[in-house]
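Asker: Sequence:
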Amino acid sequence: MRLSIKKRAARVEVVVFDVDGVLTRGDIVYGPGGEWKVFNVHDGHGFKLAVRGGLKLALITGRTSESVVRRARELEVDVLMDGVKRKNLAIRELCKKMSVKPESVCFVGDDVVDLPAMAAVGFPVAVANAVEEVRDQAAWITTRRGGEGAAREVIELILKSKGLWANVLKRYVGGFDEE
Numbered sequence: 464m465r466l467s468i469k470k471r472a473a474r475v476e477v478v479v480f481d482v483d484g485v486l487t488r489g490d491i492v493y494g495p496g497g498e499w500k501v502f503n504v505h506d507g508h509g510f511k512l513a514v515r516g517g518l519k520l521a522l523i524t525g526r527t528s529e530s531v532v533r534r535a536r537e538l539e540v541d542v543l544m545d546g547v548k549r550k551n552l553a554i555r556e557l558c559k560k561m562s563v564k565p566e567s568v569c570f571v572g573d574d575v576v577d578l579p580a581m582a583a584v585g586f587p588v589a590v591a592n593a594v595e596e597v598r599d600q601a602a603w604i605t606t607r608r609g610g611e612g613a614a615r616e617v618i619e620l621i622l623k624s625k626g627l628w629a630n631v632l633k634r635y636v637g638g639f640d641e642e
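Its first residue numbered 464, the sequence shown is counted upward by one per residue in this note's numbering.
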């Protein structure tokens, strides 16, 4: 029996995002000092909400970029795995490191390099502008495009499915001194 989207989302303990094309629109700009990436502020607030809701966050990316390291630090990401060639093996390592089962992991991807990671988790998600093969493998597809609020949409779905959204939002909007 196939679980509903809400039930699958409710089981998630760790949310893993690809970076290029998921947290960014996929554009890479080279300038003085290296690579520049543009991140979405709504996604950033989503990460903060996820942390307050007790979710663990991870980034797995095939590229290596100082801007990703900086963004991961700003957003309190638990694990950053960059320069990864085989994302399914990275998922396995991540599960071991975080002591979670693959069924409780959500992976959000956009391109064919993400397919092995999507096959290795309990809740595979594609961003709206993902390639066809990724959309076909996804249990759920966001309405927003990568780099344009898709990560926030995933986080909201998970927190709402777990029954945590109202409390997390209240705490987030109410201030940070309640913790």
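Everything labelled a hint here was simulated from the structure, so no lab data went into it. Keep in mind that the hints are not guaranteed to be accurate.
Taking lysine-lysine and the DSSO-like style, the derived pairs with C-alpha atoms no more than 27 angstroms apart in a straight line are [as the list claims (entries may be wrong)]:
1) K469 - K633
2) K519 - K548
3) K633 - K559
4) K560 - K633
5) K511 - K564
6) K625 - K548
Okay, the calculated beta carbon distance ranges per label pair [to be verified]:
7) E498 - K633: 16 to 26 angstroms
8) E596 - G517: 30 to 40 angstroms
9) D545 - H505: 39 to 49 angstroms
10) G507 - K470: 22 to 32 angstroms
11) G626 - K560: 24 to 34 angstroms
The beta-carbon is built from N, C-alpha and C at its ideal position, and this holds for glycine as well.
Asker: For each hint, tell me whether it holds in the structure or not.
Answerer: Hint check results:
Our distance criterion of 27 angstroms between C-alpha atoms is met by K469 and K633, whose separation comes to about 22 angstroms. With a CA separation close to 22 angstroms, the supplied pair K519 and K548 stays within the 27 angstroms bound. A distance of roughly 33 angstroms separates the Cα atoms of K633 and K559; the hinted pair therefore is violated under the 27 angstroms criterion. At most 27 angstroms may separate the alpha-carbon atoms for a hinted pair to count; K560 and K633 exceed this at roughly 31 angstroms.
About 23 angstroms separates the Cα atoms of K511 and K564, which keeps this hinted pair within 27 angstroms; it holds. A distance of roughly 32 angstroms separates the Cα atoms of K625 and K548; the hinted pair therefore is violated under the 27 angstroms criterion. Against the hinted window of 16 to 26 angstroms, the Cβ-Cβ separation of E498 and K633 comes to about 38 angstroms, which falls outside the hint. For the hinted restraint 30 to 40 angstroms between E596 and G517, the CB-CB distance of approximately 33 angstroms keeps it satisfied.
The hinted window of 39 to 49 angstroms between D545 and H505 is violated, with their beta carbons roughly 23 angstroms apart. For G507 and K470, the hinted distance range of 22 to 32 angstroms is satisfied, since their beta carbons lie about 28 angstroms from each other. Against the hinted window of 24 to 34 angstroms, the Cβ-Cβ separation of G626 and K560 comes to about 27 angstroms, which satisfies the hint.
The structure is inconsistent with the numbered hints 3, 4, 6, 7, 9, although it conforms to all the rest.
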